[in-house]
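Asks: Make a model of the complete structure from these sequences and hints.
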Amino acid sequence: MSEMNTSKKNSNVVAPLINGLLKENPTFVLMLGMCPTLAVTTSAINGMGMGLTTAAVLTMSNIIISLLRNIIPDKVRIPAFIVIIASFVTIVGQFLQAYLPALNDSLGMFIPLIVVNCIILGRAEAFASKNNPIASAFDGLGMGLGFTIALTIIGTIREMIGAHKVFGISFADIATIVHAPASVSEWLSAQSPIAIFVMAPGAFFVLACLTAMQNCIKNRKLAKGEKTKIQSGCGQDCLECSDTGCAHRFYDQDGKDCAIGKKEENND
Amino acid sequence: MISDSIKELLIIAIGSALVSNVVLSQFYGLCPFLGVSKQLKTASGMGAAVIFVITLASFVSSLVYRFLLQRFHIEYLKTIVFILVIAALVQFVELVLKKKIPVLYKSLGVFLPLITTNCAVLGTALTNVQEEYGVLFSTVNGFATACGFALSICILAGIREKMQYNNIPKAFQGIPIVLVTAGLMAIAFCGFSGLL
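In order, the protein sequence lines correspond to chains A and B.
Heads up: the first sequence begins at 1177 in our numbering, then just goes up one per residue.
Heads up: the second sequence begins at 1281 in our numbering, then just goes up one per residue.
Just so you know, nobody snuck in bad clues.
Below, computed lysine-lysine pairings styled on DSS-like, alpha-carbon distance capped at 25 Å:
{"no.": "1", "chain 1": "B", "residue 1": "Lys1450", "chain 2": "A", "residue 2": "Lys1400"}
{"no.": "2", "chain 1": "B", "residue 1": "Lys1321", "chain 2": "B", "residue 2": "Lys1380"}
{"no.": "3", "chain 1": "A", "residue 1": "Lys1394", "chain 2": "B", "residue 2": "Lys1318"}
{"no.": "4", "chain 1": "A", "residue 1": "Lys1394", "chain 2": "A", "residue 2": "Lys1199"}
To list a few chain A residues with every Cβ distance to chain B over 10 Å, as calculated:
{"no.": "5", "residue": "Ile1194"}
{"no.": "6", "residue": "Leu1243"}
{"no.": "7", "residue": "Arg1245"}
{"no.": "8", "residue": "Ala1311"}
{"no.": "9", "residue": "Met1336"}
{"no.": "10", "residue": "Ala1339"}
{"no.": "11", "residue": "Lys1341"}
{"no.": "12", "residue": "Ile1345"}
{"no.": "13", "residue": "Ala1348"}
{"no.": "14", "residue": "Ile1350"}
{"no.": "15", "residue": "Ser1365"}
Taking CB as the label site, the calculated pair distances span:
{"no.": "16", "chain 1": "A", "residue 1": "Leu1244", "chain 2": "B", "residue 2": "Glu1355", "range": "24 to 34 Å"}
{"no.": "17", "chain 1": "B", "residue 1": "His1353", "chain 2": "A", "residue 2": "Val1354", "range": "48 to 58 Å"}
{"no.": "18", "chain 1": "B", "residue 1": "Glu1411", "chain 2": "A", "residue 2": "Met1336", "range": "31 to 41 Å"}
{"no.": "19", "chain 1": "B", "residue 1": "Gln1444", "chain 2": "A", "residue 2": "Met1336", "range": "31 to 41 Å"}
{"no.": "20", "chain 1": "A", "residue 1": "Gly1344", "chain 2": "B", "residue 2": "Lys1379", "range": "52 to 62 Å"}
In short, the hints are calculated from the structure, not lab data.
Given the structure is predicted, the values throughout are model-derived calculations rather than measurements.
Quick reminder that beta carbons are idealized off the backbone N, C-alpha and C, glycines included.
Replies: The structure is reproduced here in structure tokens:
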């Protein structure tokens, strides 16, 4: 009996975790939080650091918001969420400044800007304000780790093409480490990397290719007749929300979910 | 003395409008940049609204920072305070415009809510603090940054309007081709780095 209970509990807890990692990956599927995704992925380490920082903030804010979900009045919930999120961002920022100053310097302005990251408020609104703290914590963890993996992948691609390095170790050094013939490492160190990929334009190109791949998958599924609707935090479909962006999620004029989307429905 | 500070202001203005363009090299405010750039008309409206809000937000946030946060030595609260100040400011501006200047509200009003948590606004306010600009310098920097945003979103919208008639590979239709365009624009803007 108790075993059954724990296994059931486990599946309840694991489901949001897997959901965030794969099915609704915030970067590759939901296309949320694009600003930090492009800006800090100049190297794999930076991407990973940014992802983990965001994951920490997301998990903690999800827990607190979920605990307070019955206390916060509905009309002022967005400002309340923002204050909670901003507090955690400040705490994490201070922590990084004290213990990981190198990472803090390389992420720079994008640590305070976690406050306006669509993922965090989106999850607060879509999940934490409706579910219990444990499930919310795992949802935050899943989404945060999904974001981390995505940023690490983009960072690795950019670093490999733009600087011929993986996690800060150059290709030539890797060849030496794995005892490849000297000619190989010599050849590798003679190649010059395409530096533009670690600069601003490269971010756009890498993301363009990734979204094109996503489009490809979507088109193929559509051809098969499968539905590919992805429900976002606001209840609208993320893939068709290109005109408005995720900015609506923050601004709740009438105290309704996703004010503009709902209004359009009502007008029809 | 005065000419010196004007020179400095001009350098800051050109620097933040063109050299380190807010979207194309800093990556602030990508959501509206990709989302509201389908037509030149809406893009220019968005640009104007952003200029208005960022200039005002830079001014108010630097006032708050200098005379409130610095005075009581609570600089570490800047993220929380700025986001609340900006959100309140945008709401307030919307109400005032609606009541007093309905013409301006008609053209900018739709875009104002979109800007509230645009990271360009918070980013600019925080940059001003980081660079230790005074109130005047902050306002000018905010104005120039926003002009850079307006310029790049208008250029992108112009290109996208022309691009409608092009034959784009199916997978690249929609957001991907916009990102490629933005990447090419970013390369072009790299050229400005020789200016200063």
